[in-house]
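J.: Fit chain B to the given chain A structure using the hints.
Protein chains in written order, with our numbering: chain A, 1 to 360; chain B, 361 to 875.
Take the hints with a grain of salt, since some may be wrong.
Dumping the calculated DSSO-like pairs for lysine-lysine here, alpha-carbon to alpha-carbon at most 30 Å [stated by the list, open to error]:
id	chain 1	residue 1	chain 2	residue 2
1	B	Lys743	A	Lys131
2	B	Lys731	B	Lys743
3	A	Lys210	B	Lys731
Hints were generated in silico from the structure; no laboratory data involved.
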Amino acid sequence: MKQRQVVVFVSLLAFVLSLLVGGVLILINGDNPIVAYASLLKGAFSTKDNVANTLATSTQLIFTGLSVAVAFKNGFANIGAEGQLYVGAMAAAIIGIFFPLPGFMLLPLALIMSFAIGGLYGMIPAILKIKTGTNEVVTTLMLNYVAILFTSYLVNYPLKAPGAPIGMTNNVQAGAKLPVLYHGTRFNAGFLIAVLAAILVYFYFKNTVKGYEMRLSGQNSEFASYLGINVDNNIILSMFISGGLAGLGGAALVLGIQYRFVQGISPGYGFDGLTIGLMANFNALAVIPFAILFGAMRSGSLTMELLTNIPSELSSVIQALVILFMSSENSVTKYIKDLLEKRESIKKQKMKMKGGVDHV
Amino acid sequence: MTDNYVVDMENICKYYGNVRANDQVNLKVKKGEIHAIVGENGAGKTTLMNILYGLVQPDFGRIAIDGKEVIISSPRKAIELGIGMVHQHFKLIEDFTVAENICLGNEPVDKRGLIDKNKMISFVTEISKQFGLKVEPKKKVSSLSIGLLQRVEILKSLSRGADILILDEPTAVLTPMECEELFETFKKMREQGKTIIIITHKLNEVMAISDNITILSKGKTKGTLVTSETSADEIASKMMGENMGKPYLERIHKENSKPLLEIKDLSVIGEDNLEKLRKVTLTVKEGEILTIAGVEGSGQTELVESILGFRKIASGTINAEGINIADKSVKDRRNYCSFVPEDRIKTGLSVNATVGENIIGGYHSKGNFRKGMFMNFPTINKKVHETIDRYQIKTASQYMSAQSLSGGNQQKIVVGRELEQPNKILVIAQPTRGVDIGSSRFIHTQLMSKRNEGVGILLISTDLDEVFLLSDRIAVMFEGKIVAFLNPKEVTHREVGLYMTGAKVQEELIREGGN
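One chain only, chain A, in its complex shape (with noise of 0.2 Å):
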């Protein structure tokens, strides 16, 4: 429980930190951060609009930070959960578009297919890493790249709509998207299939053998294979459904808000949701308010950027800060942490010294 509280603390202390630190910098840029912060917020939770918007940007938030978690949690450290979403995303858009279904078996199939060519996507660095030791931290990087690129070529070459300005396919079929839950904005049932996803993700590393397997073999994976676990086997099951999730996230936003894949579709929910696992501390249910949080400082600084002059690109900023805060062991909010427990137990001392020593 106490540790859980410290992890807790850390998270939030580095969402503080950066938040200050992100004020400099609008105080450099010369504007008021007080001022910033509010219209962010604002935009985000105002009113019910708001609301259902930041909801729908965290849909996808969700997903990544659900992908990353698994991975991590395993002891994979998959960065690229972000080639992941684009290659599902793709997968949706293909399935939704092209398959003559009607819409209750379009929706599902269009589902599990991102999920299916995430997840295959997700596994080969998986099995780079097993077979010939190649490190993932750069290989699931590169493959961000290639999925980014290729989706790219397909949406402004083979599966370029007709007389589309920019690299866009057409518009998915009635029944491929995602019903919406709010009228008038995009907050849809995708929502309600990422908190499921969190919840089925946590009991799977709660309550099931495999799930036990992974985080042993995510903790200590040399202890994990002396117990006669097959740690390989369970990489590459950890990273199927690690990037299925992240597929997810893509046909969330491909049914879901987009409807239609277009080039360059995630503006790097991908890399938001490892800062969102971080903080988690990948536990899944964790990752839900810190994905709406993200999702908050998304939605908002849409808001942000048009009430004054700072750019939106400042909850990137923002984001970047926590990483750097919370990723390093000895990094500031340790050390405020340490500070902190160790000013109390001398203050104790001192007390003791000053008073009579004896009546313990």
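T.: Coordinates of chain B only, in the frame set by chain A:
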């Protein structure tokens, strides 16, 4: 009064929740002595030393160094006060040289602000001479033996001006030879006026090296003794309370026992293309403890890893209960063999997992412990509770993380998990390394009762006392070969030592070995 003592800790209290790690502990150490702190694992020795080194802040109590009351808020403060600490697990950077490790953080720089390697090497050579601790400054740390690593750690502390040196279980990982060298080092340091505090639970060492002894038990001080006026028995009874002294192992003899683990002509080639095992042949029978004795690195690790399936074997066969397991997966082999690895932190458990998760590992996917793809928690929890009770694992609950337990209790998790599996063969390496007396005795008793039930045990141990205590037969290993099969009743420690160091070889084994 306090000015006689270089370290004076009074009334130290440290609570972790309801656990009283230190409860009104007193420690008084004179300048220039070797002071031993003894106690069971979990008695609070390490906590006390972590407080002295500024790693942990006490809840109550006062500390005086050289007669001056101080608050040691951090290791840096401790170093300023002349306190150095050598941890049980060394904190060295493997890719750095000896000199770079010793100077880490205090590197000498030249005029351009770059690290001055020559100065660094001459500095290390100088302090090495000054304290009579020989090291090769330019050697990479990764190539050093454990004894030398420790020496580098000691030099590192001394080079930072430590006058009071704390060593946590310094001999736990050393060979007998290295221990003797270490003791010589201690004596030299004492001559130079350094104060040495060692945490240990090996009483023969305490008797051999220390001047004074402070005994801790369950977080409390049980007294300070002058070594020359006491005996190992007195210390042990103070440490353990009343249940000491009884003989605790009963060996039941059995006739006509079947062979369980048969290894024939097993050869293994290491990553460096050297032969690590050379035609090893041995048989472990039902109800027998066969011990592999040997200096560390004689091929024991390779033997264990080949049996468990972590190492490719070059030739030979491994039969378990008459079935060749040499080609089987680790998981399949584990249906025959239970296994306790030598390094419990690295391969024995996951310190981040809970006690329960560690206990269930290995049979989590077998029988009643799963329901389809799910963990069957009622059965699992029952098993976990049984194991915690039976192996007297001291933990607040099964949901505590394994790293919150003391070393002895962690080892009990590993031993408990493996002994609870219904296998006929047990391969167990260094079962009591770094484990306190109480837990050691407990583990020994468990092993013996498994043996009496008919389990065949292959024990790997570098601790000769343990070898003699437990074995039915001793196989001595030297440079990857078995050089002798001995009956513990017919040989002395010294003789085994001769075989271990290659000074002696049984004739008939040379002929069989063919090399």
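J.: Which of the numbered hints are not met once you compare them with the structure shown?
T.: Of the numbered hints given earlier, the structure breaks just one, which is hint 1.
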